[in-house]
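Given chain A, put chains B and C in place with the hints provided.
Chains as they are written, first to last, in my numbering: chain A, 401 to 699; chain B, 4 to 184; chain C, 141 to 335.
It should be emphasised that the hints constitute simulated quantities derived from the structure, not laboratory data. Please read these numbers as outputs of a predicted model, since none were measured by experiment. Here a beta-carbon is modelled for each residue, glycine too, at the ideal position from N, C-alpha and C. If a hint is listed, it holds; no wrong ones were tucked in.
Derived DSS-like pairs (lysine-lysine); straight-line CA-CA distance at most 25 Å: (1) C:K216 to B:K131; (2) B:K109 to C:K213; (3) C:K213 to B:K160; (4) C:K294 to A:K618; (5) C:K305 to B:K160.
Derived list of chain C stretches under chain B, where covered just means 3 residues or more per stretch with a C-beta under 8 Å from a C-beta of chain B: (6) 209 to 221; (7) 237 to 244; (8) 252 to 262; (9) 305 to 317.
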Amino acid sequence: MSTVSLVLWIIFLPFIAYFLGVLLLGWGKKYTARLQRRYGPYLFQVFFDSIKLLRKRTNISHGWMQDVSVLMLLGGTILTMYFVPFPGFHFFSQYGDFLVVMYLILVPSLGMALGVGETANPNGSIGISRALQMLAGYDIPFALAFIGMAMIHGSTNFYELILRQQELGIAGWGIVTNPFLGIAALFALHGMMGEKPFEVVIAPHEIATGPMTEMGGKYMGMMMITHALQVVVELTIFINLFLGGAENWITYIIKIFALFTIILSVNAVFGRFRVDDAVRFFWKIPLPLAVIGVIFVMI
Amino acid sequence: MTNEQDIINRIEAAYPDAVCKKKQERRVEACLPPDRLFDFAGRMQSHWNFPHLSAISCVDWINEGEFELVYHFWSYEEKILVSAKIRIPREEARFISITELWQPAKFFERDIHEMFGVVFEGNDDLEKYILTEWEGPPPMRKDFVTRDFANRFYHFKEYEAEWMGPQQNPQAADVQGGSNE
Amino acid sequence: MSEKLTQRTAWNRVLDKLSGRSLWMLHYCTGCGAIELPPTMTGRFDMERFGIHPMVTPRQADILLITGYLSVKTLKRVILTYEQMQSPKWVVGFGSCTINGGMYWNSYATVKSLDQYMPVELYIAGCMPRPEAIISSFNELIDRIGRGEANSWKDYYENYDFYRKNQEHVFGGPINTRTDVKSDKETFRIQSAGK
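So here's chain A without its partners, still in its complex pose (with noise of 0.2 Å):
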């Protein structure tokens, strides 16, 4: 990869993850609301939601903190989506960077916390244990499976892994050789990117959108973004992993919305599991699964 070429994918990645990510959620509104009967709102509606808030004259800033947080939300993700295998670009894809993955997609969540700790807002620290106590469900399974896959595979490099998959074809793909963890992924996938089912974090009617409860106007928009890129880089590492990454943006699109359309659909007709229950799902079903599949790959 020539440096020119480099230096490009590093500047507009960010850019293009984001446009996806506004289609995508759109979508995700539109399809919901032609499932609920409604007409449902503009394609672009997340894009003009952050124009909006950006826009915003007046912010109140309870201090330094939560500033910060919100930086650390914003560049926490987009850090990691550099570390993760887009089609046409891979550089960052070296030794270890699963291990990179794993530990950087902890940093958002941690960068919101500790905002959320100086708004002192009791609805965004009810919301902010919640999200911690959904990461102790879901993020052992979904560890669980990347172990697996690097055991399977042998390697800690999400390009070699891709390339492994494609070699067989639709057989390759991590979600046809090893179902098991495959399927614990999904769910634990489901549970990281908060959709209903999991949705106890933002809980709009119970505890006012949860962690944002404080933030408004610039905050607000700049978590919107955050919210559009974490959407692209969870559902991309997925894809990677499970559905044997992507030759080109046009497979690349195919299967992002397919992954998302699937998820939307059980957002679409569940209510909102309670947070002991959800972690006690993730424990019953997810993690068992995942050990199935490691164990598997041991044997």
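Chains B and C in isolation, oriented as in the chain A frame:
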């Protein structure tokens, strides 16, 4: 199971100066002299199986210069509501509290104190209850004219539209007429 | 001076149009008018197709929709909520109660015209207005934002003393809302609408 007439007989036997009446199915009214009310309430609660104090209400009889306090007692087993009515003078109205018998009466009495200005002796919590920002006289008294107060205290918008023509806004005319009463 | 302030650059024109497409509404349901909101939000009328979405916390909301009468006690909460919202913010008075007291016009406990206590961008007349009226008023608001004319929120910073005087008249004493509107005006350089 007793019926309404049994209750009336029982009350009249114990309180010869009470005037009892069956208002309708399962509704009994008993007019008592004020000094018998506390005794009556205690007996209703402990002897006659009326454990539930539904409400205390107040009526302002301004021409007679009296407040009427109505205590509603309900029996879960007989399924009869007994309303005990007493009259107290309207000027500097004071009455004895029944919070010793029923703790929930605190709130009813506090409400009546706020709305009518009746002081209940023995109730230690007669702070502002619902009208926390209210400074004026007790608003449910009949000598408090709420329309005059609203016209004096609040700002009303003038409203004129082309379709209304030259004549005045009917609501504004009503407001002015009201203040002249 | 005022000429310069009212003129917008092409860039701002585009951004105004775009931000009008996203409005988050905080509905303060004090009165009976709240019953008209569920059909407005859900399948029948679906206001989300205009980008209007109910929001649960005042920090993120753009519209404060007052549905129905306000007693003196609830007015205090509304003012607290209003001052927590981030500018630009718009108040929409719903129903005749907010205009002149409505059917409570002679009540001692309900405030009569809402615009004495906070700047109101739009009133929806009626008792109660139908969801079509709500949708049409929000479309009017979106148009005004796109044209850059929805500046009623600046009035609160301009004439803060007037509004605060009226509020204190009703409450019978000073109130502490924990929001320093005057210093906000300095900090965020909010200029007058240039009328």
